[in-house]
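Peer 1: Protein chains in written order, with the UniProt record's numbering: chain A, 1 to 688; chain B, 1 to 688.
These aren't lab readings, by the way, just hints derived from the structure by calculation.
From a predicted model like this one, the values you see are computed outputs, not experimental measurements.
Heads up, a few of these hints could be off.
One copy or two, it doesn't matter: identical chains are merged, so the pair holds either way.
Stated by the list, open to error - Straight-line Cα separation of at most 30 Å, DSS-like style, residue types lysine-lysine; simulated pairs:
(1) Lys682 / Lys202
(2) Lys135 / Lys347
(3) Lys134 / Lys202
(4) Lys453 / Lys685
(5) Lys213 / Lys684
(6) Lys50 / Lys461
(7) Lys684 / Lys134
(8) Lys50 / Lys213
(9) Lys148 / Lys682
(10) Lys461 / Lys148
(11) Lys347 / Lys461
(12) Lys453 / Lys347
(13) Lys347 / Lys134
(14) Lys684 / Lys461
(15) Lys148 / Lys602
(16) Lys461 / Lys213
2 protein chains.
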Amino acid sequence: MVDTVVRPAQPGSRPVAAEADDARIDIPAVTRMLLGTWADIRLEAREMIKDSAFWRIDGLSHHAHRERVLEQTQLLADAGAGARAYPTEYGGRNTNGGNLAGFEELVLADPSLQIKSGVQWGLFGSAVLQLGTKKHHDRWLRDIMSLKIPGAFAMTESGHGSDVQSIGTTATYDPETEEFVIHTPFRGAWKDYLGNAAVHGKAATVFAQLISKGVNYGVHCFFVPIRDDNGVFLPGVGGEDDGVKGGLNGVDNGRLHFDHVRVPRENLLNRYGDVAPDGTYSSPIASPGRRFFTMLGALVQGRVSLDGSATWASGLALKIAVTYGNQRRQFDSGTGTGETVLLDYAKHRRRLLPLLATTYAQAFAHDELLVKFDGVFGGTADTDESREDLETLAAALKPLSTWHALATIQECREACGGAGYMAENRLVTLHQDLDVYVTFEGDNNVLLQLVGKRLLSDYGKQFTGKDARALAAYAVGETADKIFHGAGLRRLGQAFADLGSTARSVELGLRAHDQQELLTDRVQRMTADVAGRLRLASRLSPAQAAELFNENQVALLEAARAHGELLQWEAFTDAVERVEDEGTRQVLTWLRDLFGLGLIEKHLAWYLLNGRLSTQRAAAVSSYIDRLCARLRPHAQDLVDAFGFEPEHVRAPIASGQEQARQEEAAAYYAALRASGEAPVKEKKPAR
Amino acid sequence: MVDTVVRPAQPGSRPVAAEADDARIDIPAVTRMLLGTWADIRLEAREMIKDSAFWRIDGLSHHAHRERVLEQTQLLADAGAGARAYPTEYGGRNTNGGNLAGFEELVLADPSLQIKSGVQWGLFGSAVLQLGTKKHHDRWLRDIMSLKIPGAFAMTESGHGSDVQSIGTTATYDPETEEFVIHTPFRGAWKDYLGNAAVHGKAATVFAQLISKGVNYGVHCFFVPIRDDNGVFLPGVGGEDDGVKGGLNGVDNGRLHFDHVRVPRENLLNRYGDVAPDGTYSSPIASPGRRFFTMLGALVQGRVSLDGSATWASGLALKIAVTYGNQRRQFDSGTGTGETVLLDYAKHRRRLLPLLATTYAQAFAHDELLVKFDGVFGGTADTDESREDLETLAAALKPLSTWHALATIQECREACGGAGYMAENRLVTLHQDLDVYVTFEGDNNVLLQLVGKRLLSDYGKQFTGKDARALAAYAVGETADKIFHGAGLRRLGQAFADLGSTARSVELGLRAHDQQELLTDRVQRMTADVAGRLRLASRLSPAQAAELFNENQVALLEAARAHGELLQWEAFTDAVERVEDEGTRQVLTWLRDLFGLGLIEKHLAWYLLNGRLSTQRAAAVSSYIDRLCARLRPHAQDLVDAFGFEPEHVRAPIASGQEQARQEEAAAYYAALRASGEAPVKEKKPAR
């Protein structure tokens with residue numbers, strides 16, 4: 001790894017414990033850990049985007065930015081980067097986890113490029129691959145992979161985003177001509193916010209209510225050509241440009257509507273539902289509800305990949321802010337040693353290091369998610385249960401990591417002051433581009449609600465065979481904990497081994513197994529509490545039951561979040577356990593402790609109110625975090641360097657060593673001035 | 001007020017208490033309250049910016065945006081809006097509070113216009129007015145007011161932002177020619193991030209170390225011409241464009257540097273320090289430190305006005321998101337009443353209504369700040385003590401309100417989903433533009449540290465005349481509270497009258513006086529705790545003392561924040577007390593309770609750990625907040641309408657009634673379809 005970073009001496013930040021002086025992380029080894037299972041594909045992608053042709057240029061009009069990103073997407077296609085997830089018989093590499101790993105790295109080049117290519121190959125092309133069958137693959141996949149057919153993924157409508165089942169677009173089968181008639185019946189049913197729709201798309205995978213013989217078979221997906229080779233809308237197709245957005249302005253989002261547009265019967269992507277020439281509907285999945293969720297589940301990769309992208313973007317922001325914070329000085333401490341390095345301020349490390357700990361946790365959790373995804377989509381572990389687990393896992397992790405990215409990038413931007421506001425230093429545009437990651441590919445709160453419902457359902461399964469009365473008793477009683485323990489909830493974590501006997505982090509009754517117990521306990525208790533309050537729902541009217549659920553919505557979302565946090569903590573802990581190098585293990589254990597205790601501090605009131613922490617132990621949490629921040633401070637640069645970004649990935653002038661060089665220039669100026677004997681003297685203080 | 005907002009029926013959100021059915025706020029009366037002391041000038045400004053010539057246009061290049069904003073600023077000048085704060089003898093209106101009130105409203109038109117005009121008249125012009133004397137006023141004020149001389153405020157340098165005292169630019173007096181030589185000795189001393197510097201500025205108020213006869217008299221301000229009438233840099237002056245920023249791209253920020261640029265002796269703005277022709281320095285303020293802070297204090301209006309601007313921007317975001325949340329529906333509740341309005345979801349009101357409560361608190365606190373500012377700068381209450389109070393107050397409120405604006409705008413953006421990400425709906429650009437409000441005009445953390453030091457100093461004054469031993473005893477003892485009580489800390493709040501006997505909000509031991517006690521207690525206890533831990537500093541070496549202070553930095557900043565929150569709470573409470581209309585008083589009391597309890601919930605762990613709340617009372621806080629949100633939900637639209645924004649101020653299509661109209665169109669379509677007898681039937685569920 002090329003590394004231009006200067007590591008200044010860090011006066012005044014000696015770690016508390018003596019052992020900290022010795023411990024150092026093995027940076028390349030940690031980089032390898034963070035890169036995860038598909039490290040080779042990540043490095044391949046990083047090598048490719050060192051070419052400035054892939055970089056974002058600030059200040060382009062959204063029109064110019066779109067054209068640039070289209071060209072970049074063509075470069076990706078030419079390099080085969082769009083083909084990774086596709087079957088080898090079409091020229092692909094048939095790697096699912098690896099494909100997403102490589103895709104995620106594009107966030108370092110330009111998030112617009114990431115999303116543009118994600119629309120093309122992860123959504124539009126993926127709909128053809130996952131929802132279509134061989135005839136569709138033969139006909140379209142090669143042209144999709146090569147970008148000969150740029151396409152839009154036309155699911156969301158102006159009137160329905162999260163609730164896809166209620167979209168208004170219809171696809172009515174006409175047996176006379178053996179065609180589907182795609183139609184937009186009212187303004188709210190316009191397809192909206194679609195990448196590739198405003199300008200570049202030549203076709204779209206359109207989701208619509210499939211109607212045949214007077215029956216609505218629910219939402220299905222159709223391949224619909226939308227523009228001719230001159231970029232002009234085909235007859236019956238219309239649209240609008242979404243215009244300027246908060247970010248991702250290199251993606252041409254737009255709206256589409258259809259006025260009785262006819263497509264051949266074969267354009268129904270028919271893997272999960274088909275219509276015979278005479279209009280008879282058939283499906284391998286009898287239940288309309290299960291069929292719908294299976295179709296949607298086939299498209300889970302979008303949210304899987306956002307979890308990783310958000311994590312790397314957080315890492316990039318921290319690399320920039322920590323590097324700058326390690327060089328920038330402001331205010332004389334009054335001790336005669338000159339101005340203080342920002343990261344030596346207690347507040348500065350308190351604002352950045354916990355974010356770094358969370359980013360590490362996410363990276364490890366994400367790799368486990370990718371492995372799970374690869375197993376399901378690669379077919380080695382493709383069962384109904386593992387698909388459901390994958391969807392729950394993605395729904396639990398994507399909200400946490402995308403929100404974390406926004407919080408982290410913003411804190412980094414503020415920690416860099418005015419310099420952080422300059423586009424050239426990347427933090428502001430990174431925030432703008434990633435902003436929508438929290439609401440697209442599944443709104444974060446909607447996803448957490450899915451997780452919450454899964455928690456409730458897993459909780460309920462513990463009582464299968466028991467009568468309702470028993471359930472009620474358990475739900476409200478203390479014993480619920482024990483019954484719940486060991487349930488299907490935790491899928492990520494491996495068997496837990498206590499680090500306490502060897503790790504140096506043992507103090508104050510807040511060691512690893514205490515952290516795990518507290519985090520696990522919270523998920524269980526919160527789930528049990530909500531379940532207990534909801535148990536009366538079956539006796540209520542639908543309206544009252546809905547109101548009861550609504551009253552518990554906030555608590556359920558919080559339980560889901562706690563579940564995601566636990567998964568991240570466990571992934572981090574598992575990763576630390578795999579480390580053999582002593583110094584690395586020591587430092588990463590502190591970092592894991594910072595993550596775990598940070599979660600406990602965030603929810604400290606809950607732990608106190610629920611009697612899970614004594615006031616004494618609780619009071620120790622914050623001061624322990626302060627000490628951990630001080631301990632980790634000398635390792636901050638190593639830990640961000642371990643993300644493995646090269647100068648071509650970082651690019652921010654403030655993280656280039658420029659700041660350090662300027663300070664040295666200023667110091668040399670003052671030194672020369674003093675040596676010359678011509679330095680102005682200070683004004684005398686007035687006599688009192 | 002023109003109001004196009006539809007108020008749909010709100011099923012399922014009946015307030016808990018019966019009295020809520022009757023209470024309604026008197027919207028125009030609340031608008032009047034929120035507009036505050038200078039309502040007339042605010043309304044005048046709002047009327048002016050209903051003209052689309054003042055509106056932001058999305059998607060302009062930063063070059064085109066800058067030219068548009070320059071033209072808009074000229075329109076302001078022509079309308080006399082730039083003259084309000086200036087003396088009547090130069091054609092001004094000599095109103096200080098009113099000037100800022102009008103200025104703040106510009107955030108509704110385009111924050112770039114606000115900041116461009118703020119640079120011209122609030123910083124550059126204000127430096128001439130506040131730091132200069134009559135000769136400077138006579139020479140330059142009219143041209144500054146008319147925008148004939150656009151100017152930059154050249155204080156910050158690349159190497160020094162928060163620490164102005166350490167800037168590197170020098171102004172060395174040459175008695176031979178009776179000139180100052182302005183010089184930039186190294187790259188870190190380039191002036192940076194200056195509005196008007198990249199393109200439009202013809203002059204700058206340059207802050208530099210004043211050196212005469214070999215003595216450095218510290219930072220002073222000089223009027224320095226920088227460009228000729230053709231916009232070309234004058235000899236010795238150079239600069240660079242800061243380029244694209246995270247927002248405010250209608251302001252041409254840039255860098256300036258000076259190579260031995262000579263200006264006449266008279267160009268020193270000499271109100272607080274002068275140099276005679278022979279080079280003899282004199283100042284009405286003998287202490288260099290006090291002189292420096294007096295000069296900087298003369299420029300406090302920037303941060304005062306940001307407090308108000310951030311508050312109105314938060315109000316605008318909430319107006320958009322609440323209006324949309326009151327119309328947008330998503331997901332059928334399963335009760336047969338159709339899709340649920342977003343704001344009927346418990347999570348949705350929990351994410352928006354507490355932000356609304358805080359915005360109200362800020363509006364009331366801000367008006368008190370403006371009154372204070374007007375008293376000091378208008379001369380009716382201009383003492384050293386009131387100046388110091390004003391600076392502390394501004395330093396306490398500006399961080400809270402600017403951070404709140406970012407949090408609020410972001411939450412509103414997310415609450416509007418994909419629509420919220422479209423620039424036309426304003427939330428994203430509002431966030432981008434206001435982002436830098438948290439770090440400019442005083443970095444928020446640096447300001448809070450000032451407040452914290454003031455708290456410590458006020459705390460220390462309680463012990464004047466007592467020996468160190470007694471101080472130590474007090475600092476750690478329980479009695480510290482009592483001694484501290486009634487200290488100079490609280491300046492905003494009036495004598496408190498318990499609302500408990502009349503207000504309906506009395507429940508659970510969390511009524512108004514409990515809130516006040518808890519909030520006050522926290523400031524006192526945290527300050528006393530930090531003071532107690534710092535009391536040993538005098539016995540330590542400078543390095544150890546600095547380290548001890550550093551260890552307490554996070555806690556001190558937290559105490560400062562608590563102080564600001566208390567001030568806001570008291571201002572809100574004072575405002576509620578002035579209300580005579582029963583319904584208005586009732587609803588605003590709930591809103592104030594939501595604000596107060598929200599603060600207590602945020603710091604609940606602290607209250608539990610410090611024994612200030614029993615677990616029973618603490619457990620009641622969150623559920624009480626949930627009930628308050630449910631109670632306030634039917635008033636949400638009224639409360640955002642009371643900000644008094646007209647359609648020309650809101651402009652977001654999603655808040656225009658468009659959403660409601662689309663839903664009605666869809667509903668009519670489905671109703672007609674059902675009536676026609678041709679509606680497709682639902683697929684039959686498979687037999688089990």
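Peer 1: Work down the list of hints and note, for each, if the structure agrees.
Peer 2: To see whether the hints hold, each was checked on the structure:
1. In this assembly of identical chains, Lys682 and Lys202 lie within 30 Å of each other by CA distance neither inside one copy nor across copies; the values are 72 Å within and 33 Å between.
2. In this assembly of identical chains, the alpha carbons of Lys135 and Lys347 never lie at most 30 Å apart, being 61 Å within a copy and 45 Å across copies at closest.
3. For the homomeric pair Lys134 and Lys202, the shortest alpha-carbon distance inside one copy (21 Å) is at most 30 Å, but the shortest distance between copies (69 Å) is not.
4. Taking the shortest alpha-carbon separations for Lys453 and Lys685, only the inter-copy value of 23 Å comes in at or below 30 Å, while the best intra-copy value is 70 Å.
5. Proximity of Lys213 to Lys684 under the C-alpha cut-off of 30 Å is restricted to the inter-copy arrangement: shortest distance 13 Å between copies versus 97 Å within a copy.
6. Proximity of Lys50 to Lys461 under the C-alpha cut-off of 30 Å is found in neither arrangement, the shortest distances being 51 Å within a copy and 60 Å between copies.
7. In this assembly of identical chains, the alpha carbons of Lys684 and Lys134 lie at most 30 Å apart only when taken from different copies (29 Å versus 88 Å within one copy).
8. Proximity of Lys50 to Lys213 under the C-alpha cut-off of 30 Å is found in neither arrangement, the shortest distances being 56 Å within a copy and 55 Å between copies.
9. In the homo-oligomer, the alpha carbons of Lys148 and Lys682 never lie at most 30 Å apart, since the shortest distance is 71 Å inside one protomer and 39 Å across protomers.
10. Taking the shortest alpha-carbon separations for Lys461 and Lys148, neither the intra-copy value of 49 Å nor the inter-copy value of 76 Å comes in at or below 30 Å.
11. For the identical chains of this complex, Lys347 and Lys461 are inter-copy neighbours only, at 27 Å across copies versus 46 Å inside a copy, given an alpha-carbon limit of 30 Å.
12. Proximity of Lys453 to Lys347 under the C-alpha cut-off of 30 Å is restricted to the inter-copy arrangement: shortest distance 15 Å between copies versus 39 Å within a copy.
13. Neither within a single protomer nor between protomers do Lys347 and Lys134 lie at most 30 Å apart by alpha-carbon distance, with minima of 59 Å and 44 Å respectively.
14. Taking the shortest Cα distances, Lys684 and Lys461 sit within 30 Å of each other only across copies (28 Å), while inside one copy they are farther apart (80 Å).
15. Taking identical chains as interchangeable, the C-alpha atoms of Lys148 and Lys602 are never at most 30 Å apart, the minima being 50 Å within one chain and 54 Å between chains.
16. For the identical chains of this complex, Lys461 and Lys213 are neighbours neither inside a copy (40 Å) nor across copies (86 Å), given an alpha-carbon limit of 30 Å.
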